[in-house]
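Asker: Here the structure of chain X is known, so what remains is to put chain D in place on it, guided by the hints.
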Amino acid sequence: DIQLTQSPSFLSASVGDRVTITCRASQGISSYLAWYQQKPGKAPKLLIYAASTLQSGVPSRFSGSGSGTEFTLTISSLQPEDFATYYCQHLNNYPHTFGQGTKLEIK
Amino acid sequence: EVQLVESGGGLVQPGGSLRLSCAASGFTFSNYWMHWVRQAPGKGLVWVSRVNTDGSGTTYADSVKGRFTISRDNAKNTLYLQMNSLRVEDTAVYYCAGFRSSWYGMDVWGQGTTVTVSS
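As given, the protein sequences belong to chains X and D, one line each in that order.
Heads up: the first sequence is residues 2 to 108, going by our numbering.
Heads up: the second sequence is residues 13 to 131, going by our numbering.
Simulated from the structure, these hints should not be mistaken for laboratory data.
One thing to keep in mind: the hints can contain errors.
[Said to hold, decoys possible] Partial selection, computed: residues in chain X whose CB lies under 10 angstroms from chain D: (1) 17; (2) 21; (3) 39; (4) 45; (5) 86.
[Unchecked claim] In silico DSS-like pairs for lysine-lysine, Cα to Cα no more than 27 angstroms straight-line: (6) D:55 - X:104; (7) X:46 - D:55; (8) X:104 - X:43; (9) D:88 - X:43; (10) D:88 - X:46; (11) X:46 - X:108; (12) D:88 - X:40; (13) X:46 - X:104; (14) D:55 - X:43; (15) X:108 - X:43; (16) X:40 - X:108; (17) D:55 - X:108; (18) D:88 - D:77; (19) D:55 - D:77; (20) X:40 - X:104.
Backbone N, C-alpha and C define an ideal beta-carbon position, used for all residues, glycine too.
Next up, chain X with everything else stripped away, as it sits in the complex (with noise of 0.2 angstroms):
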């Protein structure tokens, strides 16, 4: 099965900041993984598909980059309503494997 790993798990930042979170594959992916954020007690909702597309309604503050087994999740200019877990997610082959997610704090 493959394995993503994400950095850091937790990450204190302040409104207006760039943030970067990293995931990892244990093998090759192409370009199969997905990002989600999860606010509490809410579904996950989905971020960034094919590592780098935007999802239709996502804010462009959001980006995503990377292939292979190295991948980011960016937010430009932090805003009070980012601050959740975010998780990424691997859709290469079956298990569809999920980080162990990143939770994004107010500094």
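Answerer: Positioned in the frame of chain X, the structure of chain D alone reads:
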């Protein structure tokens, strides 16, 4: 409005069974590969199972293989998860989710239903 609504969660004793349902509306359910994803209290997301568009193909996580069965009824726009031989470690919020193809990621999600396995 695109919507997935799960039901069927609850409290069950170890070794017991539950059947979860996920009712879809607002999109062409039969075009979507459907999945179950779970989240134990305070933990991360874990992919559980998938079924293809016509129900002919299924895949399971090792942790549930042989105990859980995923199925769908496209005439009723409904996804199911039959859970047997439940264990304490199956306690989680169970989400149904779907994608048109794996390239596009899981773009539809339900609100989740809680399963608690405890004596």
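Asker: Go through the numbered hints given earlier and state which of them the structure violates, listing their numbers in rising order.
Answerer: Those not satisfied are hints 1, 2 and 12.
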